[in-house]
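There are 2 protein chains.
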Amino acid sequence: MAKDKKSAKKSSAASFSEALRADPGTDLASIDPRSTPGFDGDKEAGQAALAELTDVVSDLQERLFAESKGGGVRSVLLVVQGMDTAGKGGIMRHVVGAVDPQGVDITSFKAPTAEERKHPFLWRIRKALPEPGMIGVFDRSHYEDVLIVRVHDLVPRAQWSRRYGQINTFEESVADKGTTIIKVMLHISKDEQKSRLTERLERPDKHWKFNPGDIDEREHWADYQEAYQAVIDKCSTDVAPWYVVPADRKWFARLAVMQLLKEHLEQLDPQWPVADFDVAAELKRLKKT
Amino acid sequence: MAKDKKSAKKSSAASFSEALRADPGTDLASIDPRSTPGFDGDKEAGQAALAELTDVVSDLQERLFAESKGGGVRSVLLVVQGMDTAGKGGIMRHVVGAVDPQGVDITSFKAPTAEERKHPFLWRIRKALPEPGMIGVFDRSHYEDVLIVRVHDLVPRAQWSRRYGQINTFEESVADKGTTIIKVMLHISKDEQKSRLTERLERPDKHWKFNPGDIDEREHWADYQEAYQAVIDKCSTDVAPWYVVPADRKWFARLAVMQLLKEHLEQLDPQWPVADFDVAAELKRLKKT
Numbered sequence: 001m002a003k004d005k006k007s008a009k010k011s012s013a014a015s016f017s018e019a020l021r022a023d024p025g026t027d028l029a030s031i032d033p034r035s036t037p038g039f040d041g042d043k044e045a046g047q048a049a050l051a052e053l054t055d056v057v058s059d060l061q062e063r064l065f066a067e068s069k070g071g072g073v074r075s076v077l078l079v080v081q082g083m084d085t086a087g088k089g090g091i092m093r094h095v096v097g098a099v100d101p102q103g104v105d106i107t108s109f110k111a112p113t114a115e116e117r118k119h120p121f122l123w124r125i126r127k128a129l130p131e132p133g134m135i136g137v138f139d140r141s142h143y144e145d146v147l148i149v150r151v152h153d154l155v156p157r158a159q160w161s162r163r164y165g166q167i168n169t170f171e172e173s174v175a176d177k178g179t180t181i182i183k184v185m186l187h188i189s190k191d192e193q194k195s196r197l198t199e200r201l202e203r204p205d206k207h208w209k210f211n212p213g214d215i216d217e218r219e220h221w222a223d224y225q226e227a228y229q230a231v232i233d234k235c236s237t238d239v240a241p242w243y244v245v246p247a248d249r250k251w252f253a254r255l256a257v258m259q260l261l262k263e264h265l266e267q268l269d270p271q272w273p274v275a276d277f278d279v280a281a282e283l284k285r286l287k288k289t
Numbered sequence: 001m002a003k004d005k006k007s008a009k010k011s012s013a014a015s016f017s018e019a020l021r022a023d024p025g026t027d028l029a030s031i032d033p034r035s036t037p038g039f040d041g042d043k044e045a046g047q048a049a050l051a052e053l054t055d056v057v058s059d060l061q062e063r064l065f066a067e068s069k070g071g072g073v074r075s076v077l078l079v080v081q082g083m084d085t086a087g088k089g090g091i092m093r094h095v096v097g098a099v100d101p102q103g104v105d106i107t108s109f110k111a112p113t114a115e116e117r118k119h120p121f122l123w124r125i126r127k128a129l130p131e132p133g134m135i136g137v138f139d140r141s142h143y144e145d146v147l148i149v150r151v152h153d154l155v156p157r158a159q160w161s162r163r164y165g166q167i168n169t170f171e172e173s174v175a176d177k178g179t180t181i182i183k184v185m186l187h188i189s190k191d192e193q194k195s196r197l198t199e200r201l202e203r204p205d206k207h208w209k210f211n212p213g214d215i216d217e218r219e220h221w222a223d224y225q226e227a228y229q230a231v232i233d234k235c236s237t238d239v240a241p242w243y244v245v246p247a248d249r250k251w252f253a254r255l256a257v258m259q260l261l262k263e264h265l266e267q268l269d270p271q272w273p274v275a276d277f278d279v280a281a282e283l284k285r286l287k288k289t
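Read top to bottom, the protein sequences are chains A and B. Under UniProt numbering, the first residue of the first sequence carries the number 1, and numbering increases by one thereafter. Under UniProt numbering, the first residue of the second sequence carries the number 1, and numbering increases by one thereafter.
It is worth saying that the hints were derived from the structure and are not from the lab. Quick caveat: nothing in here was measured; it's all calculated off a predicted structure. Check the hints yourself; a few may be wrong.
Which copy? The list can't say, so a pair holds if one copy fits it or any two copies do.
Here are the computed lysine to any residue pairs in the SDA-like style, where the Cα-Cα straight-line distance is at most 20 Å [what the hints assert, rightly or not]: (1) K127 with G38; (2) K69 with W272; (3) K127 with Q102; (4) K190 with R285; (5) K194 with W160; (6) K250 with A114; (7) K206 with V274; (8) K110 with L28; (9) K127 with T107; (10) K177 with T289; (11) K127 with E116; (12) K110 with D214; (13) K127 with E115.
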């Protein structure tokens, strides 16, 4: 059985990047938020697959980190977007949290501060880019500047509509410097959001996560979907494609993001750096101490 | 059996803070680095206890984080010190890495940069203090400024000898602002360090962690122990006591630090914030959307 599971995992392993990739023109509305593309198992199988992936991704992450100590400049940037309650926090906790925290750098982008508002929208983003060897993670990102900003016209239309091109130019320069960009949209249904918000209201230990404004935002659901569609159409590029991860099933979303991490890290194939000292001589020297 | 394990854990639970606390005058040389104070189980039992603690600490961490969203100002600062190979990285990975990365902020202090050297030694430390609700973790810390700096006289003696008092004043002000400080010294033997350095040399996937200077530093072992003794004698205070964690057994060191975290968080007893909105009214409003 263990063997079956492994071969099942392997057969789907290479396909998540393909199954979830959303090139321009991909119709968001046609993607079922409860579907599990690239995986044909159930919740239990998905959780088992996630647990198995953890060691593999941890090993790859350590190699990436080690490579940078030998002069490597490569890094990874995982961008996570999604509507309220889409499960961004769960990705941080259960996927990102599964690898060594020393090799991960999470930045959570809130509404910009007064200081941040004085600068171009990419200013705070640049400051949060991952160092060589690191896996940077953005919980929300520069895409908010063409999502909530577009939906509520927080800046004039002429201004936000220029941002798609600015984002593409920016991401190209980031990729050129050795950063692999993985952009994930956690795709939930309006009904699923309702039930998650209901849970937050019904459980006193979840009240702190609730904001009455979350309900008001639901009136703009269609506008947000349109804004996400525009993001896919305009900013899913070869150097930084978007992946749409159906997220009504939390276990699948977590498995999918972990798998995307794994596939991109395997692509990078980071190497242990070669010693820049004489190993035998050092062993001899150590013995004498 | 499960019951036995639980009661065993409970009986030792309250005692780690007491068993490991090193008040001024505690003789470092008299503490066996292979001992397991506060715990009478073996490695397997220790690993099981660590796994069980994870959920408890995760829950407490989430409460602390939530509390800050309701206006709470409390936070935790875990300071981790120890000789090379003492297991600081393992603590980051296996203890700190076991809780939600969104609630944790690790700062790894290296040799100060040119910019940092222009400022007083506490300048970079202040910038890294945890925000309300967070568990800040220092991998090395301001104590390096009275450890390596003292051993190698990197600044004049008159200057480093003033720092103990400056550190106490600083830590008192940090505690006054609501931060619980937990200072941990991972205590290993010179022999154990030798075997860990040997492993780093014998395994190509560990070469990147090795630095020939680590062997040279072994000549100053006694000086470092003396410097740690001075730290305990001068900077183990009521608001920020030192805990000496025997660390020749990695499993014990990890269990002990997790347990120290747990005991201090339990002491804080963080509370879910009370909703500042009308729950029933919001539920009604949500239903209509």
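Inset, instruction - Against the structure, test the hints numbered earlier, and report the numbers of the ones violated in rising order. - result: Violated hints (numbers, rising): 1, 5, 6, 8 and 10; every other hint is consistent with the structure.
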